[in-house]
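Kindly produce the complete structure, drawing on both the sequences and the hints.
Spelled out, the chains give:
Number of protein chains: 4
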Amino acid sequence: MFFASDNAGPAHPKVMEALIAANEGYAMGYGADPIMDAVRTQIQGLFEAPDAAVYLIINGTAANSVLLGTMAQPWQTIFCADVAHIHEDECNAPEFYSGAKLTLVPTTDGKMAADDLHQKIAAEQNRGVHGPQRGPLSITQVTEKGTLYSLDELAALSRIAQDFGMQTHLDGARFANALVALDCTPAEMTWKAGIDAVSFGGTKNGALGVEACVIFDPALAWEFELRRKRGGHLLSKHRFLSAQMQAYLTDGLWLDMARAANARCMQLAEGLRGHNAAEMLYEPQANMIFFQMPRSEHKRMRDGGAVYYVMDGDPEVGDPDEPLTGRLVTDWSMTAEGVSQFLDLLRG
Amino acid sequence: MFFASDNAGPAHPKVMEALIAANEGYAMGYGADPIMDAVRTQIQGLFEAPDAAVYLIINGTAANSVLLGTMAQPWQTIFCADVAHIHEDECNAPEFYSGAKLTLVPTTDGKMAADDLHQKIAAEQNRGVHGPQRGPLSITQVTEKGTLYSLDELAALSRIAQDFGMQTHLDGARFANALVALDCTPAEMTWKAGIDAVSFGGTKNGALGVEACVIFDPALAWEFELRRKRGGHLLSKHRFLSAQMQAYLTDGLWLDMARAANARCMQLAEGLRGHNAAEMLYEPQANMIFFQMPRSEHKRMRDGGAVYYVMDGDPEVGDPDEPLTGRLVTDWSMTAEGVSQFLDLLRG
Amino acid sequence: MFFASDNAGPAHPKVMEALIAANEGYAMGYGADPIMDAVRTQIQGLFEAPDAAVYLIINGTAANSVLLGTMAQPWQTIFCADVAHIHEDECNAPEFYSGAKLTLVPTTDGKMAADDLHQKIAAEQNRGVHGPQRGPLSITQVTEKGTLYSLDELAALSRIAQDFGMQTHLDGARFANALVALDCTPAEMTWKAGIDAVSFGGTKNGALGVEACVIFDPALAWEFELRRKRGGHLLSKHRFLSAQMQAYLTDGLWLDMARAANARCMQLAEGLRGHNAAEMLYEPQANMIFFQMPRSEHKRMRDGGAVYYVMDGDPEVGDPDEPLTGRLVTDWSMTAEGVSQFLDLLRG
Amino acid sequence: MFFASDNAGPAHPKVMEALIAANEGYAMGYGADPIMDAVRTQIQGLFEAPDAAVYLIINGTAANSVLLGTMAQPWQTIFCADVAHIHEDECNAPEFYSGAKLTLVPTTDGKMAADDLHQKIAAEQNRGVHGPQRGPLSITQVTEKGTLYSLDELAALSRIAQDFGMQTHLDGARFANALVALDCTPAEMTWKAGIDAVSFGGTKNGALGVEACVIFDPALAWEFELRRKRGGHLLSKHRFLSAQMQAYLTDGLWLDMARAANARCMQLAEGLRGHNAAEMLYEPQANMIFFQMPRSEHKRMRDGGAVYYVMDGDPEVGDPDEPLTGRLVTDWSMTAEGVSQFLDLLRG
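Residue numbers (the working numbering), protein chains in the order written: chain A, 520 to 867; chain B, 520 to 867; chain C, 520 to 867; chain D, 520 to 867.
Heads up, a few of these hints could be off.
[Said to hold, decoys possible] Interface residues of chain B toward chain D, partial, derived using beta-carbon atoms under 8 angstroms:
| # | residue |
| --- | --- |
| 1 | Ala540 |
| 2 | Glu543 |
| 3 | Trp594 |
| 4 | Glu607 |
| 5 | Asp608 |
| 6 | Cys610 |
| 7 | Gly618 |
| 8 | Arg646 |
| 9 | Val648 |
| 10 | His649 |
| 11 | Gly650 |
| 12 | Pro813 |
| 13 | Arg814 |
[Unchecked claim] Computed spacing ranges between beta-carbons, pair by pair:
| # | chain 1 | residue 1 | chain 2 | residue 2 | range |
| --- | --- | --- | --- | --- | --- |
| 14 | B | Pro569 | C | Pro737 | 35 to 41 angstroms |
| 15 | D | Ala641 | B | Gly771 | 43 to 49 angstroms |
| 16 | D | Gly647 | C | Gly837 | 55 to 61 angstroms |
| 17 | C | Thr627 | A | Ala551 | 55 to 61 angstroms |
| 18 | C | Thr560 | D | Ala641 | 53 to 59 angstroms |
| 19 | B | Pro737 | D | Asp682 | 49 to 55 angstroms |
| 20 | D | Asp635 | B | Asp833 | 22 to 28 angstroms |
| 21 | A | Gly837 | C | Pro737 | 40 to 46 angstroms |
| 22 | A | Asp770 | B | Val836 | 40 to 46 angstroms |
| 23 | B | Pro569 | D | Ala641 | 48 to 54 angstroms |
In case anyone wonders, no lab produced these hints; they're calculated from the structure.
Cβ atoms here follow ideal geometry from the backbone N, Cα and C, with glycine treated the same way.
Next comes the structure, spelled out in structure tokens:
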């Protein structure tokens, strides 16, 4: 009953086996390993983008930050959701790598509305040299609230950016969870929807620690490489990144894992819907649920062995009737039985 | 016959086993995993420094840069060898993280002389607010030329820094190789010799990718944590760093591996000494040899299957008699037979 | 009828005379001129802060940015009004100098409410190392909307900051206008109200270009000096800054100029109140008015020779009845006749 | 007898008069003043570069740093003399604005030799993504030792840069002194000699504080403007910069002042040559002399009222016979009588 985070679960055994296999003998470092050549081709094929630049990096903060550093200028502002990971959870890393600032677009269920985005972008750069200039748009899919943009919604947002001459970045830390939920192709969820560069996550979906940075305009490739190195993010024993990503992508493992995680989430959601004391805050669409419940109920769950974050208060201290928000995240490794056990506990 | 780099070899099987073992079940991320608690204690014990702050990070460039960012101010200059890795091989990462500049101290065999260091430090900060101010000293041990500072030499350098009110950082990417060669304790090679913070390398000595940052003044700990996060270097599935380091340190594995690497290097050196055409440029003291040989000889070795870097020219193109510099690096995984095979080939 | 900005008017003749006088003979540069010694004492006396560090700098963006760079850390966030100059009009300069980000506190009439500030501060730093940490608070007095914080309101805001262990910066680009409007002492409007450092403006109030940075904790002095130099903001012929500030402060010239500017503003406000077509958006308290009027009226004023900014549309193009916002700023050099002329034109 | 620095002397009366004249009435700020339009045309004409972008900035550190920030990338290294002002005297400002590092080229008399420059450039960027990449070259004319590059020497250096695909910046803090000494045109000393951008100094040659940044490739103009603003270097009352520069350039005032300064320097040099105890270290070619003399002689001069910097020791304390280096700088305001007085004192 561990629903704290999708980065708290184990890596998939096939990923581990690939690591072991990659550990044989000698291999040139820094991305010149032969597995990386295969991975690049694999990802270009997957995205139907034979010219895309493809790089591996150790985590999502680094993927986002090096990409945004490559896409933004230090006198610009990056547009993103007010609950975006790049704003709330990366301790100024995107600003560190880019020099730019962030302009926050309001959200209700974790999603930016096209009108709000348009208004925020239009409001910038009316002060000539005095104010920050318009930089890239960054969209998070799956959002931080567990919701999804439809393909049309993605395209609408990126079209606004494009109309202002801006590029669009996709923070896809949970790319696979979104993809299987939308039942679309990687190309459809990215460049066909106007996305220029993607943080393609693996870590939260069964890898040890690896994300791909996919840049559809190869003209940015060399700058990305220099920024990655300058950030200390070019790994010497790079084959261990390559091997993870190769196993991740082989035989649809990544999609299977995302489907499993999402299925467990839907099972949880159904159970929560049937429970009087709990109220879901957003309609879960991938592998994450936010729900409200009285403090006493959270405490009861915790005492019963359920592990998850309570976001806005201490389950142990305070008015037992006060509603508090819990977050449940599922990953590939959870079983239907584990979820049932949680729901049984919830039902009391 | 692969002597290109000590980061081209495999990780030790025990390190891989530890990864597999660490992959069981759920674990809190970002350094809150239980293995990290054990590792911290292990390293504090090893360094006889129960209050030291200990952090893990994915590679040497990151270890050096986040540490120097914590130790230096953006209006300062960091003193280092003119051949230091932080100057030549990190694409401005130390400057990126610290904002400081580097002042290069001349070297002959990769080592700074105390007099030269003193002169360089004394020459700075005579211009009041106009010039850069004196920042930390960074010493590389093993040096980039495969040589070693004795404990007395280390202490002499750090004492100069201390006399100017400066701190001293040790770039220990090859810490273990130095330690077994000097046959001393970690404490003797660090804080007892005046070192304030250490990049304690694992990657070049049999890990997949992990370095410890050891800071003897715990007052710097929180700033280090924030700078690590802001650089995108705090890993979510941190247990995979912890597990590597734990295996690395258990039962003296790290020392055994370093001894093996150094032994192979001594075997190589002895062979080279007996070879007329080759001349060693520095007295090898750890696991790295620089030697000169005519181009034709390098070509012959390459054709025979030996892999190593020729630093100052193409072995294939040019005057066959021109002497070129080769670099041989050994790691834990090499066998005495492999080295013999190389030497046999050399002898023709 | 020039109401575009208080930095568009001339410098006071006494300031110009002081420049001429300071131009005699030789003087050591970089702040070592004898006039600076006098200015420092003058300002320390004025602020009843004999230990305050006092520096001169060429403009308000530089004053704010170097001060905030000294007060904030690159992993922090600076709290400020959503309409603050440091956010809207300095092209990321505060972020450039500090590395920090900005957290915007909502405003109605240009002022932050204590509750909103508290909520914004409380909401940060709940994510441990993952989110930005709490940095300084920056308050603008006179606000960007021409309104004022009372001394109690200032104290309430800075007390909130203090309770969270944060320092408070005052952007006093229009310090004098605020001071004479509140009829208080510099000490009362700063350190007695909990302010730790002040951008004390001269440029908008009759100087050529000079601001004082006043830091009540002298421990920050040397870092400020280094950051000023590193930003290229230490002037060699510094006596021309010192001379301006000396003349500005002598015999209450600065207060006289601010009183004159404010008086013209009140005259304008009275006239606007009596005009049906115009509606003031905020109660003007210093030297700046924001008012709404139909486009056709703005156009009529412009055609009649009145110069001021229309903030949200082109007075020439669009629906003649659409209300647009005009901004009127007065400075020391305006005459009552000039204002009457404007009001006569307005009345038609 | 004040020879401490050319920024210690007064501004020329015509510059002051221009300031007074520019102070009439209202003028739009931030470079939109009408005088700036005239100055831009004036400088474009002077440099025979009708498309050049021209900006004014308050001092030389800012001019160099904003220009180099515009020309260099943060993963590059800027090549400059080991005694360059951008290295020794700007407290990391060029690094702050550019993110790049500096590679120091050895000098003897303040000048880089073409061979040394070539070797330093060739040695960089051989490490692929690992080392810093080649950024711009920065040449100082007049050098920090008072010597000059001939036009051929300038062209030879910039051609080397060009062959490596690099741009060249000229630090012309003493541009006028060099120009009249070489008796050439601004175009000949800049773009005709391969220079891409110039810090065109006024401050050291009779202005209060103004430098022009002249960029021959207008494609860089907008980025320069944004970087200037982001550094806090766009002045609101910009007309006071424009007015200075206009007066400076009108009727050849700037050339007359430089000729006067250089003439006084030659007078000094002649006197020093005839003095046994003093030895000039470099052949003075503009307005600066470095000379050695026993400590006792420096002390005698100081006691007699001569003011200048002794670079390498305290004239008051130490062996009276030890030779110490003095620096003498002349400016436009010095009289032949003043110099004679100094030389008389020297002769004893």
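The hints, checked one at a time:
The closest approach between the C-beta of alanine 540 (chain B) and any C-beta of chain D is roughly 34 angstroms, which is over the 8 angstroms cut-off, so the hint fails. With a least beta-carbon distance of about 37 angstroms to chain D, the hint placing glutamate 543 (chain B) at the interface is violated under the 8 angstroms criterion. Against a cut-off of 8 angstroms between C-beta atoms, the interface hint on tryptophan 594 (chain B) holds, since the closest Cβ of chain D lies about 5 angstroms away. The criterion of a C-beta within 8 angstroms of any C-beta in chain D is met by glutamate 607 (chain B), whose closest approach is roughly 6 angstroms, and the hint holds.
A distance limit of 8 angstroms between C-beta atoms decides the matter here; for aspartate 608 (chain B) the minimum to chain D is near 5 angstroms, and the interface restraint holds. Interface restraint check for cysteine 610 (chain B): the shortest CB-CB distance to chain D comes to about 5 angstroms, inside 8 angstroms, so the restraint holds. Checking glycine 618 (chain B) against chain D: minimum C-beta separation of about 7 angstroms stays under 8 angstroms; hint holds. At a threshold of 8 angstroms, the smallest CB-CB gap from arginine 646 (chain B) to chain D is about 6 angstroms, leaving the interface hint in force.
At its closest, the beta carbon of valine 648 (chain B) sits 6 angstroms from a beta carbon of chain D; the interface hint therefore holds under the 8 angstroms criterion. At its closest, the beta carbon of histidine 649 (chain B) sits 5 angstroms from a beta carbon of chain D; the interface hint therefore holds under the 8 angstroms criterion. With a cut of 8 angstroms, the hint placing glycine 650 (chain B) at the interface with chain D holds, because the nearest CB-to-CB distance is about 6 angstroms. Nearest Cβ of chain D to the Cβ of proline 813 (chain B): about 21 angstroms, over the 8 angstroms cut. The hint is violated.
Nearest Cβ of chain D to the Cβ of arginine 814 (chain B): about 18 angstroms, over the 8 angstroms cut. The hint is violated. One distance hint, 35 to 41 angstroms for the beta-carbon pair proline 569 (chain B) and proline 737 (chain C), holds here, with the actual separation near 37 angstroms. Alanine 641 (chain D) and glycine 771 (chain B) have their C-beta atoms about 46 angstroms apart, which keeps the hinted 43 to 49 angstroms range intact. For the hinted restraint 55 to 61 angstroms between glycine 647 (chain D) and glycine 837 (chain C), the CB-CB distance of approximately 57 angstroms keeps it satisfied.
Taken as a hint, the range 55 to 61 angstroms holds for the pair threonine 627 (chain C) and alanine 551 (chain A), whose Cβ atoms sit roughly 59 angstroms apart. The hinted range of 53 to 59 angstroms is satisfied by threonine 560 (chain C) and alanine 641 (chain D), whose Cβ atoms lie roughly 56 angstroms apart. Between proline 737 (chain B) and aspartate 682 (chain D) the CB atoms are about 52 angstroms apart, so this pair conforms to the stated range of 49 to 55 angstroms. Taken as a hint, the range 22 to 28 angstroms holds for the pair aspartate 635 (chain D) and aspartate 833 (chain B), whose Cβ atoms sit roughly 25 angstroms apart.
About 44 angstroms separates the C-beta atoms of glycine 837 (chain A) and proline 737 (chain C), a value consistent with the hinted range of 40 to 46 angstroms. For the hinted restraint 40 to 46 angstroms between aspartate 770 (chain A) and valine 836 (chain B), the CB-CB distance of approximately 45 angstroms keeps it satisfied. About 50 angstroms separates the C-beta atoms of proline 569 (chain B) and alanine 641 (chain D), a value consistent with the hinted range of 48 to 54 angstroms.
Violated hints, listed in ascending order, are 1, 2, 12, 13; each of the other numbered hints is respected by the structure.
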